[in-house]
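Trainee: In case you want the letters, here they are:
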Amino acid sequence: MKMVKSTLAILTAATILGASGFAQAGATLDKVKKQGFVQCGVSDGLPGFSVPDAKGNYQGIDVDICRGVAAAVLGDASKVKYSPLTAKERFTAIQSGEVDMLSRNTTWTSSRDAGMGLVFTGVTYYDGIGFLVNKKLGVSSAKELDGATICIQAGTTTELNVSDYFRSNGLKYTPITFDTSDESAKSLEASRCDVLTSDQSQLYAQRIKLAQPNDYVVLPEVISKEPLGPVVRKGDEEWFSIVKWTLFAMLNAEEAGVTSKNVEAEAKGSKNPDVLRLLGADGEYGKDLKLPKDWAVQIIKQVGNYGEVFDRNVGAGSELKIERGLNALWNKGGLQYAPPVR
Amino acid sequence: MTTHTFKPDMPPPRKSVGAVAWMRANLFSNWLNTLLTLFAIYLVWLIVPPLLSWTIFDANWVGTTRADCTKEGACWVFIQQRFGQFMYGFYPSELRWRVDVTVWLAIIGVAPLFINKFPRKAFYGIGFLIIYPLVAFWLLHGGLGLENVATSKWGGLMLTLVIATVGIAGALPLGIVLALGRRSNMPAIRVVCVTFIEFWRGVPLITVLFMSSVMLPLFLPEGMSFDKLLRALIGVILFQSAYVAEVVRGGLQAIPKGQYEAAAAMGLGYWRSMGLVILPQALKMVIPGIVNTFIALFKDTSLVIIIGLFDLLNSVKQAAADPAWLGMATEGYVFAALVFWIFCFGMSRYSMHLERKLDTGHKR
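Protein chains in written order, with UniProt numbering: chain W, 1 to 342; chain Z, 1 to 364.
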């Protein structure tokens with residue numbers, strides 16, 4: 001997402017992919033069915049996105065996308081094997097076929113989408129760089145941060161984005177860079193800096209680390225676009241569609257009010273034709289995707305609709321308590337929009 | 001005959017014995033020492049009470065969630081709750097006995113080697129070195145009737161120990177061979193060994209691991225993937241063997257020429273003179289250097305985070321990223337530091353014991 005691009009890895013990847021050609025259409029689906037599980041590349045520990053709980057089960061939005069794909073393809077959301085990947089090795093892992101899909105808070109950018117033999121299937125979370133400040137400062141907008149001391153995590157594109165933003169707005173600032181998010185949180189607490197900057201989704205996690213979380217507030221502005229989404233290899237359209245439509249099914253289900261609790265009842269007796277088509281009660285839409293008829297039912301039943309997934313992992317039902325904001329459905333003022341099933 | 005009885009000795013003057021005298025001699029002998037002593041006491045007073053209250057008196061010891069940590073000090077509940085993960089990683093909890101058995105077998109198996117009068121120690125030792133790794137692999141990894149546990153589930157202290165012991169066990173013999181090769185009279189062997197050593201010494205371990213994880217898969221046919229742990233282990237062994245080789249070479253160079261000539265005069269060939277005369281002396285001399293290398297290796301195991309393996313330190317980091325335990329990183333790091341220190345201190349004490357035991361008068 002925000003780590004420095006590993007130029008070396010990209011260059012090598014580009015040369016090698018250029019020589020060996022792209023993945024075969026349908027190959028990944030066949031492989032997944034044969035091996036009986038989805039090998040999914042996730043983050044090595046990012047609160048709310050992918051982090052193992054006490055029993056070692058991975059939890060998070062990114063993880064739930066993988067579970068959704070497993071539910072759609074294999075009918076069982078638990079048939080996922082996770083590869084925790086660092087920011088540097090993630091692209092190699094997907095390019096080399098070590099993982100079937102990458103769901104690791106990766107920002108969708110043109111160079112990654114077009115230049116690396118990879119393709120993004122959608123946006124699971126609209127993120128962006130934000131600011132966490134002490135309420136005592138009395139700041140309500142990032143524009144008022146002239147002259148502020150800002151804690152930044154070193155080696156991330158955050159540094160670049162912050163400098164761009166402050167320059168274009170004619171504001172002055174003093175950056176203090178830190179190696180880890182724990183250090184920067186401690187520095188904010190010790191008032192070594194006035195503002196902590198990071199991806200907004202992570203600012204909420206940073207806030208929990210503080211002794212008095214309620215004294216701090218995340219400013220509403222987002223100064224960069226960081227759309228995070230799953231990645232698959234280019235050239236395997238079948239698999240690309242499956243991963244893409246797994247997210248769309250979750251979004252459509254939320255829009256139609258289908259939840260993990262009522263999905264079976266809805267599949268039998270919904271009055272809404274959209275729901276019947278989505279849940280496979282009407283038509284053969286699963287077939288186009290080379291999936292079983294009840295693919296969407298399995299996703300919703302075992303993983304939940306997008307709203308449930310969001311709420312459980314990062315939203316009101318979690319420790320992070322992130323607002324839906326940009327991630328609300330399109331008809332509720334957000335950006336999340338899925339094409340219809342028909 | 002009269003016998004002369006001596007009067008009992010007078011006790012030494014008060015001022016020259018006891019605590020006061022010791023303090024006068026060691027702490028307050030002149031004004032500079034007095035100043036330094038007072039400054040040191042001030043520092044201790046500044047650091048120790050808050051540290052003790054954070055780690056012990058104000059710490060939270062009981063509970064199950066973060067909400068139970070209401071007191072000011074450390075929240076050791078986090079360590080308690082995640083202890084299993086720190087020790088075994090994600091090794092399935094119902095199979096963790098296998099890890100325990102592996103460790104106990106190692107302890108029981110090694111124990112006879114420490115008994116001085118144990119008969120046929122050399123045979124036993126070699127047998128143990130051959131059989132134990134096979135048993136350990138079978139227990140940890142599974143197969144032949146045991147359920148398979150993929151290496152991706154290994155983690156925590158267990159993974160640290162696996163990497164460290166395999167690294168040590170692999171690097172030592174390879175390093176000795178390389179050291180002998182570097183001093184060989186045969187140009188081909190010498191060139192190969194020098195190149196190997198200089199190459200691996202010239203690159204940082206983190207690069208080796210990174211290459212093994214990021215570059216290697218690109219050169220393999222698509223879909224073929226090597227076990228990550230295996231890649232890391234091979235990298236660690238090759239890397240460490242270069243260091244061990246140089247340490248051992250130092251020992252070989254310190255052996256006087258007369259020893260080589262004496263061995264030759266006895267009619268011993270190359271291997272026997274090395275095995276019976278030179279190496280036993282050389283290795284004994286470089287124990288501190290070798291142990292130093294191994295302690296460094298033990299701590300370097302944490303670098304495997306770069307390829308997504310979770311040793312003790314990284315398990316701690318990962319657990320601290322769990323939304324349910326955010327903000328517990330300090331406790332985690334303190335715990336990890338303590339465990340690392342115990343192991344490293346243990347190694348250094350053992351090396352000192354070994355030096356004393358094998359000391360045959362080389363010390364000056």
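If you're looking for bench data, these hints aren't it; they were derived computationally from the structure. Treat the hints loosely; a few may be bogus.
Claimed, not checked - With a Cα cut of at most 25 Å, we get these calculated DSS-like pairs of lysine-lysine:
| id | chain 1 | residue 1 | chain 2 | residue 2 |
| --- | --- | --- | --- | --- |
| 1 | W | K79 | Z | K153 |
| 2 | W | K81 | Z | K153 |
| 3 | W | K81 | Z | K15 |
Trainee: Now tell me if each hint is right for this structure.
Mentor: Hints, verified against the model:
1. W:K79 <-> Z:K153: holds, 15 Å
2. W:K81 <-> Z:K153: holds, 10 Å
3. W:K81 <-> Z:K15: The given pair, whose Cα atoms are some 74 Å apart, is violated under the 25 Å limit.
The structure fails hint 3 only (numbered hints given earlier).
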